[in-house]
Amino acid sequence: MRILAIRTLVVVSLALGLVYLVWRWGWSLNLHYWWIAIPLVLAETYSLIDSGLFGMAMWRAKERPTPPAPPRDWTVDVFITTYNEGAALVGKTARAAVDIAYPHRTYILDDGNRDEMRALAAELGIEYLTRTTDWDNRPRHAKAGNLNNALFQTSGEFLLILDADQVPHAEILDHVLGYFHDETMALVQTPQWFHNVPPGDPLGSQAPLFFGPIQQGKDGWNAAFFCGTNALVRREALMQLGLREYVREQTEAVRQALDAAQSVLRSAIRTSRRRGGALSPVLNELSFAAIDAKNELRLGVPLAEVTGKFQRAAETARHTVLRQDLESMQSDLAALDLNVQLDAVALSALADREWSPLAALKTVTSLIEAINAERLHEALPIMPVATQSVTEDMATCMQLHASGWKTAYHDEILAEGLAPEDLGTATNQRLRWCQGTMQVFFRRNPLFMRGLSIPQRLMYFNTMWSYLAGFAAIVYLTAPFLYLVAGILPVKAWGYTFVEFFLPYFLANQLLFVVVGWGRPTWRAQQYSLAMFPVWIKGCWSAFRNVYFGRKLDFIVTPKERPTGAQPYPWRLVMWQAVAVATLLIGSVIGAGRLITESGGTLFGTIVNWIWVTYDVVVIGIIFTAARYRPTQEAP
Amino acid sequence: MITLTSTSEKDVTVVESTGRLTMATASDLTAVIDKAITDGAPKVIIDLAQTVFVDSTGLGALVSGLRRAREAGGDLRIVAPSEQVSTVLSLTNLDRVLFPFPDVEAARREW
Numbered sequence: 000m001r002i003l004a005i006r007t008l009v010v011v012s013l014a015l016g017l018v019y020l021v022w023r024w025g026w027s028l029n030l031h032y033w034w035i036a037i038p039l040v041l042a043e044t045y046s047l048i049d050s051g052l053f054g055m056a057m058w059r060a061k062e063r064p065t066p067p068a069p070p071r072d073w074t075v076d077v078f079i080t081t082y083n084e085g086a087a088l089v090g091k092t093a094r095a096a097v098d099i100a101y102p103h104r105t106y107i108l109d110d111g112n113r114d115e116m117r118a119l120a121a122e123l124g125i126e127y128l129t130r131t132t133d134w135d136n137r138p139r140h141a142k143a144g145n146l147n148n149a150l151f152q153t154s155g156e157f158l159l160i161l162d163a164d165q166v167p168h169a170e171i172l173d174h175v176l177g178y179f180h181d182e183t184m185a186l187v188q189t190p191q192w193f194h195n196v197p198p199g200d201p202l203g204s205q206a207p208l209f210f211g212p213i214q215q216g217k218d219g220w221n222a223a224f225f226c227g228t229n230a231l232v233r234r235e236a237l238m239q240l241g242l243r244e245y246v247r248e249q250t251e252a253v254r255q256a257l258d259a260a261q262s263v264l265r266s267a268i269r270t271s272r273r274r275g276g277a278l279s280p281v282l283n284e285l286s287f288a289a290i291d292a293k294n295e296l297r298l299g300v301p302l303a304e305v306t307g308k309f310q311r312a313a314e315t316a317r318h319t320v321l322r323q324d325l326e327s328m329q330s331d332l333a334a335l336d337l338n339v340q341l342d343a344v345a346l347s348a349l350a351d352r353e354w355s356p357l358a359a360l361k362t363v364t365s366l367i368e369a370i371n372a373e374r375l376h377e378a379l380p381i382m383p384v385a386t387q388s389v390t391e392d393m394a395t396c397m398q399l400h401a402s403g404w405k406t407a408y409h410d411e412i413l414a415e416g417l418a419p420e421d422l423g424t425a426t427n428q429r430l431r432w433c434q435g436t437m438q439v440f441f442r443r444n445p446l447f448m449r450g451l452s453i454p455q456r457l458m459y460f461n462t463m464w465s466y467l468a469g470f471a472a473i474v475y476l477t478a479p480f481l482y483l484v485a486g487i488l489p490v491k492a493w494g495y496t497f498v499e500f501f502l503p504y505f506l507a508n509q510l511l512f513v514v515v516g517w518g519r520p521t522w523r524a525q526q527y528s529l530a531m532f533p534v535w536i537k538g539c540w541s542a543f544r545n546v547y548f549g550r551k552l553d554f555i556v557t558p559k560e561r562p563t564g565a566q567p568y569p570w571r572l573v574m575w576q577a578v579a580v581a582t583l584l585i586g587s588v589i590g591a592g593r594l595i596t597e598s599g600g601t602l603f604g605t606i607v608n609w610i611w612v613t614y615d616v617v618v619i620g621i622i623f624t625a626a627r628y629r630p631t632q633e634a635p
Numbered sequence: 000m001i002t003l004t005s006t007s008e009k010d011v012t013v014v015e016s017t018g019r020l021t022m023a024t025a026s027d028l029t030a031v032i033d034k035a036i037t038d039g040a041p042k043v044i045i046d047l048a049q050t051v052f053v054d055s056t057g058l059g060a061l062v063s064g065l066r067r068a069r070e071a072g073g074d075l076r077i078v079a080p081s082e083q084v085s086t087v088l089s090l091t092n093l094d095r096v097l098f099p100f101p102d103v104e105a106a107r108r109e110w
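Here the protein sequences line up with chains A and B, keeping their order.
Position 556 of the first sequence, counting from 1, maps to 555 under numbering that gives the first Met the number 0, and the rest follow consecutively.
Position 92 of the second sequence, counting from 1, maps to 91 under numbering that gives the first Met the number 0, and the rest follow consecutively.
Rather than coming from a laboratory, the hints here were simulated on the basis of the structure.
A few of these clues could be false.
Capping the alpha-carbon separation at 20 Å, the derived lysine to aspartate or glutamate pairs in DMTMM-like fashion look like this [to be verified]:
(1) B:K34 with B:D94
(2) A:K61 with A:E244
(3) A:K91 with A:D72
(4) A:K308 with B:D94
(5) A:K405 with A:D181
(6) A:K293 with B:D74
(7) B:K34 with B:E82
(8) A:K308 with B:E70
(9) A:K308 with B:D74
(10) A:K308 with A:E295
(11) B:K34 with A:D181
(12) A:K293 with A:E248
(13) B:K9 with B:D94
(14) A:K293 with A:E251
(15) A:K405 with A:E251
All values reported here derive from a predicted model rather than from experimental measurement.
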């Protein structure tokens, strides 16, 4: 019944949205002020697409029946990941983990290599794991690295992953393991719920809309997300992923070496032609061999065969050249360091050199030989948990789906954790999520990822798309201000036409939210999606710079030591929101003045924009409440 | 369960693996490969003719063995995988990196 109501509302609100937008694009653009009219209509289009994706998720929202009971002989490892959390906090989680009813082994994965954690594990009679020496002086990959390190020192068929603060219920395994009767099930995610959140949830920590309708909706399309903790994972699925990634990276290394070989050859051919060209046919032939080799790579021929064949071609070429041309240019070789990572810079350096044929061939041979060397800059050859993003969970899950595995969302709170207790920490957390998601978007766009079904692509894309809200927010905040202070009207409409088109769409949309989140507080999430606009913009921008220009990811500086007693109001965290609210309020006053003095603006237009401003201010206002919030007691 | 018998001749070690190479037994294989490397015979041939079952963790042990063997100036080759093993190898594309040789002699020939 509920699903029928939801589907009806999805259809109605999307239809009304479509009508509204057709009218906006076709009949109401005020091109006289195109510089705000176009951004506004784009922002509105953005929002409709967002609603469309949301509606698509809700269409198949899946409430799963209780799975069958698991057999008693499956082996399960419980991983508690910690980096710097105290012994009291980790101890509470570890004790609860020991008490989980289904037979299992409990491990503390201590990324901090701390004696107090060793002592805690010994006291509770559980296992303690820290990084092996393989990780010394190599990239550690944060939590993904911590999990990968543990994967190779343990052997349970299933892994329950818990952040240090996530205290599990005793029945967690009994309730969730049953899903794995389905042999293609890779992962089951349960909700994240926080027990230290006060009524009203000023920091917007609980995510009842996400851990509920949204996950159920994604689950309906076999796209339930992995959220890094409170999830049960099948080891075989993770390991297979690691192996595939390993092969992919090895193949990529061969391809890069062949690219490098080609550019060396091209440059040698140029040099040779300038000097008479006697040898260019030999070099040309080897160039073709490189092209053949790359084609074979694409077709899936074993790497050793591809490189072996090319190597022999290079050897033959070298003999021919040796016979014809004995003057070699050793100096060419001396300058070249083959241990460097092949990147764009190294490649162009290779291409820019002047090569004698012999030196070129020698270099080509060495390039191909060098790839037999393993990826020694990484601690482990196989990294089952993805390491290319700060949100390892999303990247890993996407690859699981792409290789045909299933995931499930189990809508029952089976672990309780600690939410951030001040706006600074909460903001930083959201920033990381945004950055990580956008990193995945830029590195491995789900829309073009092979192996994912179309709905799966859209479900991943939905999450990324929603992080672009910050850019739309700027437009939504600017437009009413412009009207109130200068009478600039981006929408060309007479009288109530605008209201007639807009209001039904807006109301249907809000109604959909109410029905979808029935009995769950969803307003907070809506507020934060607008109120955190500076964070989303910063997140998207820094992820973009990180992926394309190799810059470090920005983060927000928060005070390490929380001062006791009175704390100053964290103006810096809410600076942009304060600017926005102040501007809008000033604009409203000016608008009133213009109306009274009859220097501009219609009563109707001013009222519409006042309503708009009120909505913006009420929604953003939560951030100022959040900034003032202090926990009443120490976290237990 | 798994039984691993290894014989070394000059720098080549041949490991016969009998039984199931899985997450429960992968560490045994790792230990045998490590020993071959420290004993100075880092060209390792894993004979899988009698290995009836392998999972991804087992394959993972082969890959980390490959890496350590190469680090020590050797290599790792696999021989005569059964049908099940071949299936897992191609499922993970690993047969592109660890190409199976038909028998121990063939694997030894090019060294």
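Status of each hint after checking the structure:
Only pairs whose Cα atoms come within 20 Å are accepted, and B:K34 paired with B:D94 is rejected, the gap being roughly 25 Å. Under the criterion of a C-alpha separation no larger than 20 Å, the hint pairing A:K61 with A:E244 is inconsistent with the structure, at around 31 Å. This hinted pair does not check out: A:K91 and A:D72 have alpha carbons roughly 27 Å apart, beyond 20 Å. At roughly 17 Å between alpha-carbon atoms, A:K308 and B:D94 fall within 20 Å of each other, so this suggested pair holds.
Distance hint between A:K405 and A:D181 is fulfilled; the C-alpha atoms sit about 9 Å from each other, no more than 20 Å. Taking the CA atoms of A:K293 and B:D74, the gap is near 24 Å; set against the 20 Å cutoff, the hint is violated. For a cut-off of 20 Å, the pair hint linking B:K34 to B:E82 is broken: about 29 Å separates their Cα positions. The hinted pair formed by A:K308 and B:E70 fails the criterion: a straight-line CA distance of about 24 Å is larger than 20 Å.
At most 20 Å may separate the alpha-carbon atoms for a hinted pair to count; A:K308 and B:D74 meet this at roughly 19 Å. At most 20 Å may separate the alpha-carbon atoms for a hinted pair to count; A:K308 and A:E295 meet this at roughly 11 Å. Between B:K34 and A:D181 the alpha-carbon distance is near 39 Å, which puts this suggested pair outside the 20 Å criterion. Between A:K293 and A:E248, the direct Cα distance comes to roughly 15 Å. Compliance with the 20 Å bound is thereby established for this hinted pair.
Only pairs whose Cα atoms come within 20 Å are accepted, and B:K9 paired with B:D94 is rejected, the gap being roughly 27 Å. The hinted pair formed by A:K293 and A:E251 meets the criterion: a straight-line CA distance of about 10 Å does not exceed 20 Å. With a C-alpha separation of about 27 Å, the suggested pair A:K405 and A:E251 falls outside the 20 Å cut-off, and the hint is violated.
Checked against the numbered hints above, the structure violates hints 1, 2, 3, 6, 7, 8, 11, 13, 15; every other hint is satisfied.
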